[in-house]
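There are 2 protein chains.
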Amino acid sequence: MTYDLVVIGAGPGGFDAAVEAAGYGLKVALVEKRNLGGTCLNRGCIPTKLWLGATSAIEELHNQAKMKVASGEVTVDFTALQARLGKHLTGTRKAMAIQLKKLGIDLIEGTGRLSGKGTVEVDTPDGAQTLQYANLVVATGSRPIFFPGLEPDGDCVLDSDMFLAMETMPASLIVVGAGFIGLEMAQVAHRFGATVTVVDAMDRVAPLEDPEVSKTLLSIFKRWKWNVLLEKRVAGVRTVDGKGVLTMDTGEKITADTILVAVGRGPVTRDMGLEEAGVELEFNRITVDENLRAAPGIYAVGDANGLIQLAHAASHQGHYVAAAIAGKVTGPYEPGPVPSVLYGAPEVMRVGRMENEVFLADEGCEVSRAQLAANPMAQAHAATQGFVKVVWANGTVAGVTAVGHDVSRLTTAATMIVKQGWTSEDIHSIIFSHPSLDESLLAALKAERTPVE
Amino acid sequence: MTYDLVVIGAGPGGFDAAVEAAGYGLKVALVEKRNLGGTCLNRGCIPTKLWLGATSAIEELHNQAKMKVASGEVTVDFTALQARLGKHLTGTRKAMAIQLKKLGIDLIEGTGRLSGKGTVEVDTPDGAQTLQYANLVVATGSRPIFFPGLEPDGDCVLDSDMFLAMETMPASLIVVGAGFIGLEMAQVAHRFGATVTVVDAMDRVAPLEDPEVSKTLLSIFKRWKWNVLLEKRVAGVRTVDGKGVLTMDTGEKITADTILVAVGRGPVTRDMGLEEAGVELEFNRITVDENLRAAPGIYAVGDANGLIQLAHAASHQGHYVAAAIAGKVTGPYEPGPVPSVLYGAPEVMRVGRMENEVFLADEGCEVSRAQLAANPMAQAHAATQGFVKVVWANGTVAGVTAVGHDVSRLTTAATMIVKQGWTSEDIHSIIFSHPSLDESLLAALKAERTPVE
Numbered sequence: 035m036t037y038d039l040v041v042i043g044a045g046p047g048g049f050d051a052a053v054e055a056a057g058y059g060l061k062v063a064l065v066e067k068r069n070l071g072g073t074c075l076n077r078g079c080i081p082t083k084l085w086l087g088a089t090s091a092i093e094e095l096h097n098q099a100k101m102k103v104a105s106g107e108v109t110v111d112f113t114a115l116q117a118r119l120g121k122h123l124t125g126t127r128k129a130m131a132i133q134l135k136k137l138g139i140d141l142i143e144g145t146g147r148l149s150g151k152g153t154v155e156v157d158t159p160d161g162a163q164t165l166q167y168a169n170l171v172v173a174t175g176s177r178p179i180f181f182p183g184l185e186p187d188g189d190c191v192l193d194s195d196m197f198l199a200m201e202t203m204p205a206s207l208i209v210v211g212a213g214f215i216g217l218e219m220a221q222v223a224h225r226f227g228a229t230v231t232v233v234d235a236m237d238r239v240a241p242l243e244d245p246e247v248s249k250t251l252l253s254i255f256k257r258w259k260w261n262v263l264l265e266k267r268v269a270g271v272r273t274v275d276g277k278g279v280l281t282m283d284t285g286e287k288i289t290a291d292t293i294l295v296a297v298g299r300g301p302v303t304r305d306m307g308l309e310e311a312g313v314e315l316e317f318n319r320i321t322v323d324e325n326l327r328a329a330p331g332i333y334a335v336g337d338a339n340g341l342i343q344l345a346h347a348a349s350h351q352g353h354y355v356a357a358a359i360a361g362k363v364t365g366p367y368e369p370g371p372v373p374s375v376l377y378g379a380p381e382v383m384r385v386g387r388m389e390n391e392v393f394l395a396d397e398g399c400e401v402s403r404a405q406l407a408a409n410p411m412a413q414a415h416a417a418t419q420g421f422v423k424v425v426w427a428n429g430t431v432a433g434v435t436a437v438g439h440d441v442s443r444l445t446t447a448a449t450m451i452v453k454q455g456w457t458s459e460d461i462h463s464i465i466f467s468h469p470s471l472d473e474s475l476l477a478a479l480k481a482e483r484t485p486v487e
Numbered sequence: 035m036t037y038d039l040v041v042i043g044a045g046p047g048g049f050d051a052a053v054e055a056a057g058y059g060l061k062v063a064l065v066e067k068r069n070l071g072g073t074c075l076n077r078g079c080i081p082t083k084l085w086l087g088a089t090s091a092i093e094e095l096h097n098q099a100k101m102k103v104a105s106g107e108v109t110v111d112f113t114a115l116q117a118r119l120g121k122h123l124t125g126t127r128k129a130m131a132i133q134l135k136k137l138g139i140d141l142i143e144g145t146g147r148l149s150g151k152g153t154v155e156v157d158t159p160d161g162a163q164t165l166q167y168a169n170l171v172v173a174t175g176s177r178p179i180f181f182p183g184l185e186p187d188g189d190c191v192l193d194s195d196m197f198l199a200m201e202t203m204p205a206s207l208i209v210v211g212a213g214f215i216g217l218e219m220a221q222v223a224h225r226f227g228a229t230v231t232v233v234d235a236m237d238r239v240a241p242l243e244d245p246e247v248s249k250t251l252l253s254i255f256k257r258w259k260w261n262v263l264l265e266k267r268v269a270g271v272r273t274v275d276g277k278g279v280l281t282m283d284t285g286e287k288i289t290a291d292t293i294l295v296a297v298g299r300g301p302v303t304r305d306m307g308l309e310e311a312g313v314e315l316e317f318n319r320i321t322v323d324e325n326l327r328a329a330p331g332i333y334a335v336g337d338a339n340g341l342i343q344l345a346h347a348a349s350h351q352g353h354y355v356a357a358a359i360a361g362k363v364t365g366p367y368e369p370g371p372v373p374s375v376l377y378g379a380p381e382v383m384r385v386g387r388m389e390n391e392v393f394l395a396d397e398g399c400e401v402s403r404a405q406l407a408a409n410p411m412a413q414a415h416a417a418t419q420g421f422v423k424v425v426w427a428n429g430t431v432a433g434v435t436a437v438g439h440d441v442s443r444l445t446t447a448a449t450m451i452v453k454q455g456w457t458s459e460d461i462h463s464i465i466f467s468h469p470s471l472d473e474s475l476l477a478a479l480k481a482e483r484t485p486v487e
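Protein chains in written order, with my numbering: chain A, 35 to 487; chain B, 35 to 487.
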């Protein structure tokens, strides 16, 4: 039998492609070497959100205590939390397996490898299995990457996978890499009472974000007594006598119970026969055309093609590819604005283009903004530092970014506004509920626009 | 001098009308007898949100403790909370006064009364002041109303104004009226540890909402050990020996430290010369035409016209009326979908039409829904009871309602979706971030639709 579609990798991109294709009536096999749900479910977004959710009372209490309105103590039992997390993941994977079965999708558990035209060989615990395909989707995702000297040893030096599998939360933590992954995990450690050090080679935290967002984050982290070391090059990290020791290129050393290395993630695309099948790799990223096609009959979605490292972007690509294979769409893949979110407290959201992008494109860049301090919901949660910023290109909303309490809740509306290219005329087309944090988005949209020159 | 516009009432409707009109270059006077911000700021939405925000750690801790993940205790100091609330309100009113001054709006503090064609007489602490107007906006808002026997005595029987001004939170509370106002206040009392009884003449709580929403709320309240008494008629409430005593029409009595009567609010429109000026009142509501006009040159917005009792609806009307007076709009007032939100935990949101409305209009009513239990953010906060429900009319989204953890965050996106009349084609036009509670809205939009017959 030849499958209409074989998908390698059951993370958000691969799983959604398989499910969508089966919905179109295609015969589908899904190959997964580890766990249904991939990194996002098992070693990424979901565990971090469960950690953040479980500890949110600590943060809320802290903010009200600062105002002398509340007092007390909240203790989160990390062992119990990890047990609950494990149960949640098992349950979710089980539900996913049931969904696959219902849709008649064959789940093949093992490592897939391209082995000649239209063939995938899967190395399963029960021996090799050969699958014939008419179409292949490579959704093999990514794994943490390390510069030389920064490799985790699984002892006191951990990557994000190992960090999420810890049995106890360390009392002191050094995070190498001030991107979203490192910052979310550092926030959780902070809530558990750990002393936190963040080290980055760049001159700001969250270096992919608007510089003003980085500035606000830094100011909050400093208030939390984090040790934030910027423009620092790390020569190496290792475990010495049961402690994590980080050595700067200057020779300076800092020590903590645990070092988390979160400097980035890279595609998992090597040694699976891709090049032999005519797929081009550039820095391990699979090169795709405007239809997300890597070679005739072979598509790549998600972190494997490296276009954008976000679970929902992978899902969106998966949906498109399934529809393309089923002949339901023919046009090129259009991502639309892809939102990105840092969860926790503060949160960060961003969708569309940033100020510098619009400015550099010479498109009549203006910005308008609102401070969260003026918002009653931010006031109610005693977390008023932050802002919402709207970037305009020639009078149309091109991007929205925000930092502060609960700003993730602006994401979907902001995505719609950017996608629909709102002008100032559109602002009053809908009624924002009062009071709501969403009104800070409305306030930013209505605020005076300043030309960026 | 004749003002282009005199506004009576500085709540959301009146304040926004005044500000907007001044922005159009009109000369404006704003008359307020009590406090800038009206009921919403001083005795309604904002105080309740500050109470809910200050106590949210209690609820978060409770949920995680139920999962045996967290333990501890959070104590909120009610006196400190009330002091903080007072400070917040003073600060907000001050900022509003500064805004008025900046815009050249004359704030006249006193009680306004129509006293002949184009004239408002204001009874101020410094004596009477006479204002001439070309246009008048009546934005006098509403006050709690009571059936005979349910009048508050300010001792153990309180209305919502008195409740929000309390110096201590009672250990036991009876709330008469299971609408949003009563339920939000009951939630706060519950968080402070009060035993809560809710009494309503209807057969369900939140009787204006979808019956399934009422059912979910009831199930949560029962889990909290609330005593919810439905289809009960209250003969009277009064203070006896320092306790609130409620007597049913059956003669049965129940007792608590405090009784909150929250059975509704009615317009403040009497004894201010409206009828003499040609304005029609129906059950105290000012009758308005499609331009929100009550008589030549006289408009009414917000609770005073009784169209919809929500602060943001009043603001929206205020904006329209200001634009109409400035000659910027000529068409009839179009409210668009007005969202309504119950805050706290659980939350409720609703926008657009409900199932029964679409069904009764015979418009091919279908519903689709998603359970919050399937959402990772609800899981992360250990608050999974609830759902999102989409109501379709002839294949177009006509309404969205939801109940459960943090569902208020769906409001703005849902409002846009209803306003824009999305069909199933539009669902994939934007990317929802993952993980997010917003995905429960996406899931409900994508779910199988069941015809309502």
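If you're looking for bench data, these hints aren't it; they were derived computationally from the structure.
We treat Cβ as the ideally placed atom computed from N, Cα and C, and that holds for glycine.
Treat each hint with caution, since some may be false.
Said to hold, decoys possible - Listed below are the simulated DMTMM-like cross-link pairs for lysine to aspartate or glutamate, each with C-alpha atoms no more than 20 Å apart in a straight line: (1) B/LYS102 x A/ASP111; (2) B/LYS100 x A/ASP111; (3) A/LYS102 x B/GLU286; (4) B/LYS453 x A/ASP460; (5) A/LYS453 x B/GLU482; (6) B/LYS287 x B/ASP160; (7) A/LYS136 x B/GLU482; (8) B/LYS67 x B/GLU459; (9) A/LYS102 x B/GLU459.
To be verified - Computed footprint of chain A on chain B; a stretch qualifies when at least three of its residues, placed anywhere within it, have a C-beta under 8 Å from a C-beta of chain A: (10) 446-454; (11) 465-474.
We went through each hint and held it up to the structure:
1. B/LYS102 x A/ASP111: holds (8 Å)
2. B/LYS100 x A/ASP111: The hint holds at about 13 Å.
3. A/LYS102 x B/GLU286: violated (43 Å)
4. B/LYS453 x A/ASP460: holds (12 Å)
5. A/LYS453 x B/GLU482: It is violated: about 26 Å lies between the C-alpha atoms, which goes past 20 Å.
6. B/LYS287 x B/ASP160: The given pair, whose Cα atoms are some 49 Å apart, is violated under the 20 Å limit.
7. A/LYS136 x B/GLU482: holds (15 Å)
8. B/LYS67 x B/GLU459: violated (52 Å)
9. A/LYS102 x B/GLU459: violated (51 Å)
10. 446-454: Since three or more residues must qualify, the claim that chain A covers the segment 446-454 of chain B holds, with 5 doing so at under 8 Å.
11. 465-474: holds (count 7)
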